[in-house]
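Engineer: Chains L and P supply the protein sequences, listed in that same order.
Every letter in the first sequence is one number past the one before it in our numbering, and letter 146, counting from 1, is 201.
Every letter in the second sequence is one number past the one before it in our numbering, and letter 173, counting from 1, is 175.
Keep in mind that the hints are not guaranteed to be accurate.
What the hints assert, rightly or not - Below, a sample of chain L positions facing chain P; criterion: calculated Cβ distance under 8 Å:
hint	residue
1	L76
2	L80
3	I82
4	L116
5	L119
6	F123
7	F127
8	I131
9	C170
10	L222
11	A226
12	A227
13	M241
14	G245
15	L246
If you're looking for bench data, these hints aren't it; they were derived computationally from the structure.
Predicted, not measured: the structure shown is a model, and the values here were computed from it.
Every residue, glycine too, gets a C-beta built ideally from N, C-alpha and C.
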Amino acid sequence: MNPGSFPAIFLDAFLINNFVLALFLGICPFLGVSGKVKTAGNMGMAVTFVMLVSSLCAFGLNHLLVKFELEFLRLICFIAVIASAVQLVEMAIKRFSPTLFRALGIFLPLITTNCAILGLALFQTAREYSFVQCLAFSLGAGAGFSLALLLMAGLREKLELADLPGLARGAALSLILAGMLSLAFMGFAGLGG
Amino acid sequence: MSEPAKMTMQTFTQGLWKENPVFVMMLGLCPVLAVTNTAMNALAMGLATTFVLICSGFLVSLLRKVIPKQVRIASYIIIIATFVTMADYLIQAISLEVYQALGAFIQLIVVNCIILGRAEAYASKNGPLKAVVNGTGMGLGFTFALLCLGVVREVLGGGTLFGMQVMPDRFQPWSIFVLPPGGFFVLAFWLMLFAALEERKRKRRRQRDSEFGGAGSGGGGDGVMGNAVLGMPLKQQNTTPSHRVFSKKGVTE
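Pulled out of the complex, with its shape left as it was, chain L reads as follows:
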């Protein structure tokens, strides 16, 4: 597969270099919102949407910044774009599904400080992706984030009533589960050649 093509970039961000399990981006919501499968799915969708919007905005913005030779302002501009995109999603969710709004709670505004989103914008700039490539990259990253979140939530729901030693409960258990998932995802390394 051509490494620059749409499916190759999508697969790379989705499985091979999964944002959460291989690149360690977005660990906070990954550990924080993965208690229930339903919430995790919704969180995944919200993050994917923010990723898509902010990635495309960042693509346009970067062109402007390069044109006017203002690259040192890149970080500040990106974070401003992401903050506005999150605000947009927050208003939309509040309007259409107040239940979901309550379920996501503090983690919704915290999407702004989700490193996966800023990481996405920074990576696509560093790799000089075109518009279509950016689209593939953001969709793949969003899908990968949702997948990791859903897997984690499923595992944690199953293990809720398991008889564990007291020490391993809570955060330590989540981290060990994440480590095993990450180990499993390393198996995708050869995918797509």
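Please build the complex by placing chain P on the supplied structure of chain L, with the hints as guidance.
Structural biologist: Showing chain P alone in chain L's frame:
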């Protein structure tokens, strides 16, 4: 030491241990896991974060009466982003090697929740000097946590420490430790270790309570409080603060 100075000192040590941003508050885990494959990277990342914490804390604290409440988060982010950009160029100038090893994670300091959290919870309510002391404590606590992981991962995963050979030649490196899963596992083990130490401390205290004949000292901390009321020696009471070190404060379930 005068009373205010003592208070300031306390905020410094709190960041180092009792409210360690990583092990206790579970904040800023992304860089903790991502750049700790060698001790050197961990140290560089810790120092860069400390630099941003101190500078942004100072500036936020100076401007705390000027910034309107409604736009404070946006203003903090801009301030933080400015200092991160500075740190980014500084590291690039000092050591290109470290810069390439850390990659995008230097710029991602912007979205490290520890920094925004400190700006919102501490620097925006206290004077510049206090904010700097608090930021230094938190930053060093963060660096300590990064080093904890970095040292273990580098020694086991590569047999070296800060690039120097520490394991015997026969040692077969466990390369899983420098790969992504290793980060998760090592952090989990550190958390369990601290939980075990905490558990042991609590058990000892309970044992001592029963030796002293502290009747009705049911579980851990409550027992100490009960004895304090019953008029136990002062030494016993002094142990109270330390038993909350790893009370899992702020761990989001």
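Engineer: Is the interface hint for L:F127 satisfied, with its Cβ closer than 8 Å to some Cβ of chain P?
Structural biologist: Cβ of L:F127 sits 6 Å from chain P, so the hint holds.
Engineer: For the hint on L:L116, just tell me whether its beta-carbon gets within less than 8 Å of chain P.
Structural biologist: 14 Å, violated
Engineer: With a cut-off of 8 Å, does the beta carbon of L:L76 approach a beta carbon of chain P closely enough for the hint to hold?
Structural biologist: With Cβ-Cβ at 7 Å, under 8 Å, it holds.
Engineer: So, L:L246 near chain P? Judge it on the closest CB pair being under 8 Å.
Structural biologist: Nearest chain P Cβ about 16 Å off; hint violated.
Engineer: Tell me if L:A227 is really an interface residue toward chain P, meaning its C-beta lies closer than 8 Å to one of theirs.
Structural biologist: 4 Å, holds
Engineer: For the hint on L:L119, does the least C-beta distance to chain P fall short of 8 Å?
Structural biologist: Interface hint status for L:L119: violated (18 Å vs cutoff 8 Å).
Engineer: Interface hint check: L:F123, Cβ to nearest Cβ on chain P, cutoff 8 Å. Holds or violated?
Structural biologist: Hint on L:F123: violated, closest Cβ of chain P at ~17 Å, above 8 Å.
Engineer: Does L:L222 pass the interface check with chain P, least Cβ-Cβ distance below 8 Å?
Structural biologist: Interface hint status for L:L222: holds (5 Å vs cutoff 8 Å).
Engineer: Holds or violated: the hint that L:I131 contacts chain P, with Cβ atoms closer than 8 Å.
Structural biologist: 4 Å, holds
Engineer: Going by Cβ atoms only, is L:C170 closer than 8 Å to chain P?
Structural biologist: 5 Å, holds
Engineer: With chain P as the partner, please determine if L:G245 meets the hint condition of a C-beta pair closer than 8 Å.
Structural biologist: The hint is violated - L:G245 has no Cβ within 8 Å of chain P, the shortest such distance being about 15 Å.
Engineer: Given L:A226 was flagged as interface, is its beta-carbon under 8 Å from a beta-carbon of chain P?
Structural biologist: Cβ of L:A226 sits 5 Å from chain P, so the hint holds.
Consistency with the previously given hints fails for numbers 4, 5, 6, 14 and 15, ordered from lowest to highest.
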